[in-house]
Amino acid sequence: MDWGFFAGVAIAGLLAGVMYSLVAIGFVLIYKTSSVLNFAQGAMVLFAALTFVSLHEEGLPFWVAFAVTLGAMIVLGILIEALVLRPLVNQPPITLFLATLGLSYVIEGAAQLFWGTQVHSLDLGIEDVPLPLNAILISQFDVFCAVVAGVIVAALTILFRYTRTGLAFRAAAEDQYAALNTGLRLPVIWASIWGVAGFVSLVAGLLWGARTGVQFSLSLVVLKSLPVLVLGGFDSILGAIVGGLIIGLTETLAEVYIGPYVGGGIDQWIAYVIALGFLLVRPTGLFGQRSVERV
Amino acid sequence: MSLRKHLAGAVFAAALAGLGAPAAQAQTPGTQYFPLQSYRVGPYAAGGTGFFGGFIDYMNLINLRDGGVNGVKLSWSECETQYIVEQGVECYERMKNSNPPPSAWNPLSVGIAYAMIPGITADKVPLITIDHGRTDSTDGAVFPYVFPLLMNPYSETSAIVNFIGSKVGGDQNLGSKSIVVLYHGSPYGRETIPIYQLLAQKYGFKLQQIEVPDPGTEQEAQWLEIRRIHPDFVVLRGWGVMNPVALKTAQKTGFPANHIIGNVWSNSEEDAKPAGDAAKGYIALTTQATGTSYPVIQQIESTVYAAGKGDMADKSRIGSVYYNLGVVNGILNVEAVRIAQAKFGDQTLTGDQVRWGFEHLNLSPDRVKALGAAGLFHSIDVTCSDHEGHGLVTFQQWDGTQWHRISDWIAPDWALLRPIIEASANKYAAQNGITPRDCQSQVASN
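Sequences listed follow chains X and F, in order. With this note's numbering, the residue at position 260 of the first sequence is 260, and numbering never jumps. With this note's numbering, the residue at position 112 of the second sequence is 112, and numbering never jumps.
To be clear, the hints were calculated from the coordinates, so they are not data collected in a lab. Accuracy of the hints is not assured; some may be wrong.
[Stated by the list, open to error] SDA-like cross-link-like pairs, simulated, lysine to any residue; straight-line CA separation at most 20 Å: (1) F:LYS273 <-> X:TYR261; (2) F:LYS273 <-> X:VAL129; (3) F:LYS315 <-> X:ALA82; (4) F:LYS427 <-> F:ILE117; (5) F:LYS273 <-> X:GLU58; (6) F:LYS206 <-> F:ILE229; (7) F:LYS280 <-> X:TYR261; (8) F:LYS315 <-> X:LEU113; (9) F:LYS280 <-> X:GLY125; (10) F:LYS124 <-> X:GLY59; (11) F:LYS96 <-> F:PRO29; (12) F:LYS273 <-> X:GLU57; (13) F:LYS369 <-> F:GLN299; (14) F:LYS73 <-> F:GLY310; (15) F:LYS202 <-> F:TRP414; (16) F:LYS280 <-> X:VAL129; (17) F:LYS280 <-> X:ALA110; (18) F:LYS273 <-> X:ASN90; (19) F:LYS124 <-> F:PHE344; (20) F:LYS273 <-> F:PRO256; (21) F:LYS206 <-> X:TYR261; (22) F:LYS202 <-> F:ILE410.
[To be verified] Covered stretches of chain F, as calculated for chain X (at least 3 residues, CB under 8 Å): (23) 75 to 89; (24) 239 to 249; (25) 263 to 277.
[Stated by the list, open to error] Across the chosen pairs, the derived CB separations fall in these ranges: (26) X:TYR272 <-> F:GLU90: 22 to 32 Å; (27) X:VAL68 <-> F:GLU93: 40 to 50 Å; (28) F:ALA313 <-> X:VAL68: 49 to 59 Å; (29) F:ILE193 <-> X:LEU276: 41 to 51 Å; (30) F:THR350 <-> X:THR95: 14 to 24 Å; (31) F:VAL168 <-> X:ASP2: 26 to 36 Å; (32) X:LEU276 <-> F:THR350: 51 to 61 Å.
Note that the Cβ used here is the ideal one computed from N, Cα and C, for glycine as well.
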């Protein structure tokens, strides 16, 4: 056993998992406050990245393009709340899920309609080359992504736990009627959280876009984050990070050490095997909140 | 393109969608009609807009410059497939009974092409799968209506190994080399597995074939495995987003780009550009060169675009890999019609008559030059038994902004591949109750 190689594989897997977590966090934000599994999260990642890179290519400086795109994502969030979610208040979860499924097609179509179908390169100025650490390869770009993910998790944890806004978010998630009775304005809360999810989508889109190029396939990165959510829990930001690390680590190790014996290409479905296993023994995931209902 | 143009385009497109207007020139009675199962939206739209843009621009050139093919104008209409097989088949069902009838189908999709083979064979209309499709459809005795023009996947495999042989000082040196094939986890990706094994046995090189699950947005494990194997070359048999991610991850794991050889679906600007500096030095196979220096491309610009009839919204993509493939595909379709007209008369031809034209499509280098395409592609010679047409390939290298040709035109090892192709075609014939044609008598009767 080459332990140096094993360590390299493990670290690469953990860092890959951070990338999955970035997308999963967007899911968690929406689910945490409105109990909606937002299937349009991948489309939002695509829309954000495509808008940013197109504006940047038009000549807007990086931070201006970032700010304008963030504004566009907030407007998108407000529109989604007003046109899709508000009319569907108190509908069954499957109705809301299907609404977001439809929304994903609309957003994907709009992104291509506005910005075209070309593939764009995106350079964030961070080299995607290995750091010189003997036999273990650690990409400085991956380290940067891990730091960004850590900052986002810390900021969101502070927001949810230690601010009045966060308290309002949690109240709305717990019981919409009770939240309304205490004077909370649900439309504002939902629009705000979709705006925050838009910000996370933008960050995820830029980091994924720098890795894969900004193209339609960005909307497919959700496929990587679904097992992360099952594992970590749909309503836990910490769970999104831990779930991402476990999935990334397991699928990379499995592909390298088991893949050659079964024909390879197993890293895609092995993540879902793990998620399914967790679903059977712990349906709410590692950090998901168990709902207790009075009957 | 400016932001204002983007927005204007979006508003215009929305207006068109609202009115239900056709996306392209509709077929007209008395013309030679080509139904186009195009994909201009969805994950593969970048390739679709380039290929179908080049194809349409060439047909427009023939209409504007020559007044059609011997006076018969070309017409076409588009049906959006988004590269989805079901939608491609639906487009086929919708357009197959058109008036005038379809001349040939050109879906540029392996999945759609596979699904159409029984239908187009019954309809007696040729199916063109340039650079792709079923390898065994090269055997025209069993597949009379299917034409994998210029190159099939087995020929591609052989040409890549020949190229690697030339890089290491000759095929005799391949025995000491190690090659990894990184392939897309799909029937397309897996199709060449046995051929690489065959070539490894023949030349003695070490071979590992590693699968990347679709879509290929994460390849850490595969490239760490490659790092452990430490091969001399990696063949990239990718598709879509898998390609730039492969190049990026190769850089991350320290594998040099100039030892990665891409196949025909890993050879476009859309594959290399998103990888940025990681793609510098990357090599890929192609059947047609890039650039705008060829007379036919220049005539398209000076005739079609000057008349405001160009299909490409972004003119800077003229001369790109997919665009030039579309132009070459247009040349082959038009010349098949011209050859068929010589036998059946200068009139609107049936699909079956156009099929005859494809089966006698012989464009020598001199004829290619006369068509203004010298250097764009080499030549083609299709026969009853060989629907591929002995196309030659070349290799190009990415310098960070564009491709440059780095090899002469290379021939695959057709003699080695032919028995395998025939065996597979005969198996298909037996399974489907097909009696293969006698191509010798076909040649004699012509």
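Results of checking the hints against the structure:
Proximity of LYS273 of chain F to TYR261 of chain X is assessed by CA-CA distance (about 35 Å); at most 20 Å being required, the pair is judged violated. Between LYS273 of chain F and VAL129 of chain X, the direct Cα distance comes to roughly 17 Å. Compliance with the 20 Å bound is thereby established for this hinted pair. Simply put, LYS315 of chain F and ALA82 of chain X have alpha-carbon atoms about 40 Å apart, too far for the 20 Å limit, and the pair is violated. Straight-line distance between C-alpha atoms of LYS427 of chain F and ILE117 of chain F comes to about 16 Å, which keeps the hinted pair within the 20 Å bound.
For a cut-off of 20 Å, the pair hint linking LYS273 of chain F to GLU58 of chain X stands: about 18 Å separates their Cα positions. This hinted pair checks out: LYS206 of chain F and ILE229 of chain F have alpha carbons roughly 10 Å apart, not beyond 20 Å. At roughly 34 Å between alpha-carbon atoms, LYS280 of chain F and TYR261 of chain X are farther apart than 20 Å, so this suggested pair is violated. In summary, the hint linking LYS315 of chain F to LEU113 of chain X is supported, as the alpha carbons are separated by about 18 Å, within the 20 Å threshold.
For the suggested pair LYS280 of chain F and GLY125 of chain X, the alpha carbons sit about 17 Å apart, so the restraint of at most 20 Å is met. Restraint check for LYS124 of chain F and GLY59 of chain X: the C-alpha separation of about 53 Å exceeds 20 Å, so the hint is violated. For the given pair, LYS96 of chain F sits about 15 Å from PRO29 of chain F by alpha-carbon distance, which is consistent with the 20 Å threshold. Distance check on the hinted pair: LYS273 of chain F and GLU57 of chain X sit about 14 Å apart at the alpha-carbon level, within 20 Å; holds.
Pair hint LYS369 of chain F plus GLN299 of chain F holds up; C-alpha atoms about 14 Å apart against a cutoff of 20 Å. The hinted pair formed by LYS73 of chain F and GLY310 of chain F meets the criterion: a straight-line CA distance of about 17 Å does not exceed 20 Å. A distance of roughly 14 Å separates the Cα atoms of LYS202 of chain F and TRP414 of chain F; the hinted pair therefore holds under the 20 Å criterion. Restraint check for LYS280 of chain F and VAL129 of chain X: satisfied, since their Cα atoms lie roughly 14 Å apart, inside the 20 Å limit.
For the hint linking LYS280 of chain F to ALA110 of chain X, the alpha-carbon distance of about 33 Å lies beyond 20 Å, and the restraint is violated. With a C-alpha separation of about 47 Å, the suggested pair LYS273 of chain F and ASN90 of chain X falls outside the 20 Å cut-off, and the hint is violated. For the hint pairing LYS124 of chain F with PHE344 of chain F, the CA-to-CA distance comes to about 16 Å; that is within 20 Å, so the pair holds. Restraint check for LYS273 of chain F and PRO256 of chain F: the C-alpha separation of about 17 Å stays at or below 20 Å, so the hint holds.
A hinted pair counts as satisfied when its Cα atoms are at most 20 Å apart, and LYS206 of chain F with TYR261 of chain X qualifies at roughly 18 Å. Between LYS202 of chain F and ILE410 of chain F the alpha-carbon distance is near 19 Å, which keeps this suggested pair within the 20 Å criterion. Note: the segment 75 to 89 of chain F has 0 residues with beta-carbon separation from chain X under 8 Å; the three-residue rule is not met and the coverage is violated. Counting residues of the segment 239 to 249 of chain F whose CB lies closer than 8 Å to any CB of chain X gives 5, so the stated coverage by that chain holds, three being the minimum.
Taking a C-beta to C-beta cut-off of 8 Å, the segment 263 to 277 of chain F contributes 5 residues in contact with chain X, enough for the three needed, and the coverage statement holds. At about 30 Å, the beta-carbon gap between TYR272 of chain X and GLU90 of chain F stays in the expected band of 22 to 32 Å. The given range of 40 to 50 Å is respected by VAL68 of chain X and GLU93 of chain F, whose C-beta atoms sit roughly 45 Å from each other. Take ALA313 of chain F and VAL68 of chain X: their Cβ atoms lie about 23 Å apart, and the range 49 to 59 Å is violated.
The hinted window of 41 to 51 Å between ILE193 of chain F and LEU276 of chain X is violated, with their beta carbons roughly 29 Å apart. The hinted range of 14 to 24 Å is not satisfied by THR350 of chain F and THR95 of chain X, whose Cβ atoms lie roughly 52 Å apart. Range check, VAL168 of chain F to ASP2 of chain X: about 28 Å between beta-carbon atoms, so the 26 to 36 Å window is met. Between LEU276 of chain X and THR350 of chain F the CB atoms are about 54 Å apart, so this pair conforms to the stated range of 51 to 61 Å.
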